[in-house]
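In order, the protein sequence lines correspond to chains V and X. Position one of the first sequence corresponds to residue 1 (our numbering), numbered consecutively onward. Position one of the second sequence corresponds to residue 1001 (our numbering), numbered consecutively onward.
In short, the hints are calculated from the structure, not lab data. Since the structure is predicted, the reported quantities are computational estimates derived from the model, not experimental observations. C-beta: ideal position from N, C-alpha, C; glycine also. Just so you know, not all the hints are guaranteed correct.
As the list claims (entries may be wrong) - Chain X stretches covered by chain V per the calculated footprint, using a threshold of three residues with CB under 8 Å from any CB of chain V: (1) 1056–1068; (2) 1191–1204.
To be verified - Pair by pair, the computed Cβ-Cβ distance ranges are: (3) X:Asp1125 / V:Asn201: 53 to 63 Å; (4) X:Glu1134 / V:Ser98: 19 to 29 Å; (5) V:Gly45 / X:Glu1067: 31 to 41 Å; (6) V:Glu147 / X:Glu1051: 50 to 60 Å.
Unchecked claim - Which stretches of chain V does chain X cover? Using the computed rule of at least three CB atoms under 8 Å from a CB of chain X, they are: (7) 146–152; (8) 170–181; (9) 191–197.
This is what each chain is made of:
2 protein chains.
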Amino acid sequence: MTNTYTETYTIPYYDCDSEGLLKIPMLIKMMIRTSGNQSDSLGVGAELLKEFNVNWIITQHDLKISELPRTSDVVMVTTQAESYNKYFCYRRFWLHDSNKNELAFMESTFALMDVTTRKVHAVPDEVILPFQSEKIKRIKRGEKIPEMNETTIKRSFDVSFWDIDDNHHVNNATYPAWMMDSLGYDFLISHVPTRIIVKFNKEIRYGEAVESVVEEIKEQETIHQIKSNETLCAEGLIQWKKR
Amino acid sequence: MTNTYTETYTIPYYDCDSEGLLKIPMLIKMMIRTSGNQSDSLGVGAELLKEFNVNWIITQHDLKISELPRTSDVVMVTTQAESYNKYFCYRRFWLHDSNKNELAFMESTFALMDVTTRKVHAVPDEVILPFQSEKIKRIKRGEKIPEMNETTIKRSFDVSFWDIDDNHHVNNATYPAWMMDSLGYDFLISHVPTRIIVKFNKEIRYGEAVESVVEEIKEQETIHQIKSNETLCAEGLIQWKKR
């Protein structure tokens, strides 16, 4: 069992939707923050990454939600660098309420991007060894997202200044925000996701025009594509339940 | 001197822009959160407001910034309910760094909206007296925003699910986000606001198409309009300096 790292947060009202439930993009950001803070605590933060001219990017999230916390709730976020291979690092995140009930669990795949070439860079030992995570050979591909047959809904977005993160591209948490947003207020206010898979294929930069395409494949299941200039930049699958 | 109320926060990386400075909409949200928490601490929070079928809305912000905090900085937000008249409550906010240097100061005007009729409701004594703020007769109108002559830039936005707050309308902090966003990445990454005035005229609901219109009136000064269906919903003035 490798190191885990836990932080406690109080959910601010402004990270919640109009009904007081934590917004999904904020849940993902809160989780990712914990991994950044774990890196800092182990002395493998931004400064070391700069020496290699790299920064962390995310290639996949698989988030399972049993219950979303509400405004002012105190929650604990735990993360663990589970395993890694030459190019990919596999990380787990848990969200617990103050009584230690599990509210959500996410498995994410991280990689290092060369900041100049924008290409994936092999993971240096100096960056990964302090996490004491398991070195593996295989590449975990995660669940396959069904192919899209019929587009039922499309919505266009222009990248906003506020979407751009320190990698100078659209933050990973914006993609599920765009995916969900195309389903509209009435649906989102009456449903809540139980599972969200997002696979990232290509970064999106400022100035790009983005299309969020949706197909409902089952009663409570939607598949999603985020496209820029007809290029598939991310795909997703979301399972829903009634609020 | 009426009661003040202070809270300490650590700035999360995800509330900062690509260069690590706190995003303006997040600064405003952090400040407003403090006033909500002060209300809760005095027993005049959401439950009491529900008895009157009202909720707080904001009609004006005047924010002066000397320096923006960065990722992981520890800051203190202080608020004070300064004075009020029949319909409006005037509130002050301060942002300090951990050495008690003042980083920002905001004066905001609050009113109560009847949640059913969406009209302004007179401020009940039960809601305002616990703040021990001064009762005044006059209405503070704040600085006048120059009229717009020439539109240099226009950008369109669709209201997002994520913009809607517990008043079921676009959150006040989204308006300066739209105003600033229409100036584009290159400008925003090389400039930082020193003063932001926003005056709110009409609420915006989900499904509306919004236009953010800008005119540069001086070297480092822009004026802004947020319109929906040709109706002026908010106007703003922003003063800038080079980063």
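Quiz item: Which hints from the list above does the structure break, by number from lowest to highest?
Solution: 1, 2, 4, 5, 7, 9
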